[in-house]
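Engineer: Residues per chain, in single letters:
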Amino acid sequence: MSEIILDMRNITKVFPGVKALDNVNLKVRKGEIHALVGENGDGKSTLMNVLSGIYPYGTYLGDIFFEGKKCEFKSVRDSEKAGIGIIHQELALNPYMSIAENIFLCNERSKYGIINWDRTYQEARKLMAKVGLKEKYNTLVMDIGVGKQQLVEIAKALSKDVRLLILDEPTAALNDRDSDNLLNLLLELNQQGLTCIIISHKIHEVTRIADRITIIRDGSIIETLVKGVDEFSENRIIKGMVGRELVNRFPPKEKAHIGEVGFEVKDWVVYDPLDDERMRIKHVSFNVRKGEIVGIAGLMGAGRTELVMSLFGRAYGKKISGTILKDGKKLVLKTVHEAIKAGIAYATEDRKTAGLILIDDIRRNITLPRLDKVSRNSVIDEGLEVKIAEEQRRKLNIRSSGVYQKTGNLSGGNQQKVVLSKWIFSEPDVLFLDEPTRGIDVGAKYEIYTIINQLASQGKCIVMISSELPEILGICDRIYVMNEGSIVGEMSREEASPEKIMKCILNSTANKG
Amino acid sequence: MESIRDVFRHNIRQYGMLIALIAIMLIFQILTGGILLRPINVSRLIFQNSYILILAIGMMLCILTGGNIDLSVGSIVAMVSASSALFSVKLGLPVPLSILLSLIIGFLAGVWQGFWIAYVKIPPFIVTLAGMLIFNGINNIILSGKTVLLPQLYVTIASDSIPDFIGSGSKLHITTIVIGIICSVLYIIMELLSRAKKKKSGYDTGSDSFFAAKIIAIALVINLFTYWLARANGLTYAVILLVVLIAVYTFITNKTVAGRHIYALGGNAKAAELSGISVKRVMFWVYANMGFLAAIAGIVFAGRLNSASPTAGDGFELDAIAACFIGGASATGGVGTIIGAIIGGFIMGIMNNGMSIMGVSTFWQNIIKGLVTIFAVAFDVYSKSKAKAA
Chain X
5 MSEIILDMRN ITKVFPGVKA LDNVNLKVRK GEIHALVGEN GDGKSTLMNV
55 LSGIYPYGTY LGDIFFEGKK CEFKSVRDSE KAGIGIIHQE LALNPYMSIA
105 ENIFLCNERS KYGIINWDRT YQEARKLMAK VGLKEKYNTL VMDIGVGKQQ
155 LVEIAKALSK DVRLLILDEP TAALNDRDSD NLLNLLLELN QQGLTCIIIS
205 HKIHEVTRIA DRITIIRDGS IIETLVKGVD EFSENRIIKG MVGRELVNRF
255 PPKEKAHIGE VGFEVKDWVV YDPLDDERMR IKHVSFNVRK GEIVGIAGLM
305 GAGRTELVMS LFGRAYGKKI SGTILKDGKK LVLKTVHEAI KAGIAYATED
355 RKTAGLILID DIRRNITLPR LDKVSRNSVI DEGLEVKIAE EQRRKLNIRS
405 SGVYQKTGNL SGGNQQKVVL SKWIFSEPDV LFLDEPTRGI DVGAKYEIYT
455 IINQLASQGK CIVMISSELP EILGICDRIY VMNEGSIVGE MSREEASPEK
505 IMKCILNSTA NKG
Chain V
38 MESIRDVFRH NIRQYGMLIA LIAIMLIFQI LTGGILLRPI NVSRLIFQNS
88 YILILAIGMM LCILTGGNID LSVGSIVAMV SASSALFSVK LGLPVPLSIL
138 LSLIIGFLAG VWQGFWIAYV KIPPFIVTLA GMLIFNGINN IILSGKTVLL
188 PQLYVTIASD SIPDFIGSGS KLHITTIVIG IICSVLYIIM ELLSRAKKKK
238 SGYDTGSDSF FAAKIIAIAL VINLFTYWLA RANGLTYAVI LLVVLIAVYT
288 FITNKTVAGR HIYALGGNAK AAELSGISVK RVMFWVYANM GFLAAIAGIV
338 FAGRLNSASP TAGDGFELDA IAACFIGGAS ATGGVGTIIG AIIGGFIMGI
388 MNNGMSIMGV STFWQNIIKG LVTIFAVAFD VYSKSKAKAA
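Chains X and V supply the protein sequences, listed in that same order.
The opening position of the first sequence corresponds to residue 5 in my numbering, with each subsequent residue numbered one higher.
The opening position of the second sequence corresponds to residue 38 in my numbering, with each subsequent residue numbered one higher.
This is chain X alone, in the form it adopts within the complex (with noise of 0.2 Å):
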């Protein structure tokens, strides 16, 4: 049996009111991949933020030995000093720097101060060929996509010769074939003696790379389930989570009513904001039928979110032309106001940033696009609010302590059905949903579909953007795909499947080469 690198002791974390981490034992062995997968809200960050000094020694309670010393780590400095990088869900990189700047960001090669950039460069380059990035070191990260982005996170550990890497969530914001890339990278590095543990929510993923598989559930370590030892399947690890069998992933679709074409767009043009010779979307035409939820499958950057996005009141893209018809009437939709007004509706792909504000409360959240159907006169009548506020967390089934509780403080699931609630407040017809479950656990993931379903069933017309292929299969009736900006297939929930998808994809993009 390998050496133990890491040996978190007695782990105990309390935040006022919360027992976060409650005596957690946690060894990781020299050489492996160690997974952690529990719900959201379940310890999982936070233990990594006690491991990686983001919560100083002192905050927490038990010990730490890393490489058999005991560590005192009183931020991220110390414990990367240690051998310990940590590359967060949410990247930080600078946009408006280089890879190779952000590479060696805060770890610059320098002398006196003076920073030496033939070193900077030549490591660069050496390191970016090591996590297979082929980009030029001089490319500005705002210029990558996201999946490149990770690899230049990865790049920045491998630069502080970290000898343990955690990775929080590396694969939510990739498409698949990203994240396949990145899953083979890690068991590349793997390979040469590099120790990892990862967090994440996709299962599959989990049970592909990681060698133990350790489960924790508010807050406790409930087992770790070790590679051709223990069941290492899907299943198995989803019961170990929520504590019970779930059957099934996707909640039981009732026959619903599908009715006549409710939402239909002809010869969709969009340009890129930035760029007036670029088209981002071309001639795209497809429709909705009234009680359908219709997917729109792609990899990322294909132009589904710019899609929908223009579609919204023309929040994205310039030179917008073709036709927009709602129960078979012309609409045109200059301003979001107009979209909202038109009953439409559009639930972001990213609730922190586009979807919710942070530091308001859920009733405030949950009434924003339709302030006056709470209001006479432009004057807010609060006690509605509240009543209406009250009425959806209670029907979407939020946990908070209350309607005046802060979305800032909720867990990603419980925001993800604030920003649901809003835009069902705002009674639409036609409800876009751009990733409606990245990032968030099994759990939440299913009384989410469930809310979709509910949706659909009321008739309205339900367009679902999602880069996880079993989830556009398992809830949509009918599927389309696009790609670089057009749609190149269209299949019924009966004939689709992965392959098909995935081959629609690639077919078209051969077509073009």
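Taking lysine to aspartate or glutamate and the DMTMM-like style, the derived pairs with C-alpha atoms no more than 20 Å apart in a straight line are: (1) K307/V x E94/X; (2) K307/V x D276/X; (3) K235/V x E386/X; (4) K292/V x D365/X; (5) K292/V x E386/X; (6) K237/V x D385/X; (7) K234/V x E394/X; (8) K292/V x D385/X; (9) K234/V x E386/X; (10) K317/V x D376/X; (11) K237/V x E395/X; (12) K356/X x E310/V; (13) K377/X x E310/V; (14) K235/V x E395/X; (15) K236/V x E395/X; (16) K307/V x E342/X; (17) K236/V x E394/X; (18) K338/X x E310/V; (19) K504/X x D184/X.
None of these hints come from the bench; they were simulated from the model.
Assemble the complex: chain X is given as a structure, and chain V must be docked to it using the hints.
Structural biologist: Showing chain V alone in chain X's frame:
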């Protein structure tokens, strides 16, 4: 049920500034040997600061939209007092008409800036920096660099008391006291009604004892304040104007859709935009409104000096901005209240007044005011980080 201690702990930011105001008041009361809180000095203190407080109300709205400030308000104050002189003295128009025209000019100055900020998307800092130069130049052209005396009615607005209808001849200004009693009774009735309504729609209203303590305290403060003014010259027109503005803008920020839009924009501009809020419209009106309030401040200030002068309004923008930040506004927007800005303005005003009474040189006054601004915001940042940890 929350104990009073809990209420204070949860609202440390809200009450922190109020406690600071009281502390500073007591300190200067002692340092000035009791002069600070003499009725005549309280009256003077409000008189001296009314225009800064009016500016702070508008500035708070600008800051709420995302930490944006308006550097031009001092110049608009000057331009408006100059245009008052132009209309009422040079052109000989009646005073009410010239006041109206001057208010329109201030509003148009705000519209001009709002246009560049909202529709051309030039950062407010730059637009209002340019505005500061432009309006100051216009002021000097109108006055040709000279000071012009204004008609008496301006002075009345800025510093005269309302006539004492009831107790004329008595030492106390009885009308003022009566108004104070009426206001506090109205206040208590409104609070009770709104609380009953809240209870009916079934949401948490906090403890009864705290509620009672709060409304009694506020009613007492209102009456103490009017009694104090009654001992001096009574309620002035400027105080009435100020109270009305505070009430109107507190209502707008707390209870109206427009107010909600302003807070939402400052809290998260992108989310606000995708919720259907027109960022352009909000920015435009906030800056147009700032111009209008600056014009009101300009009229009051002109009345106080009884003249229009080329150097009027110098540095007012900075006092107004400092008042907002001392009063708890967040530098990134979305957090702050009108009452906070007023409290911040009074903290600045009391320091000015107190140090002047003590004979501290203006140089030292500036240093002390600067330090207080830093400490106030540092305290705010500290308490915010504590609240976050909790």
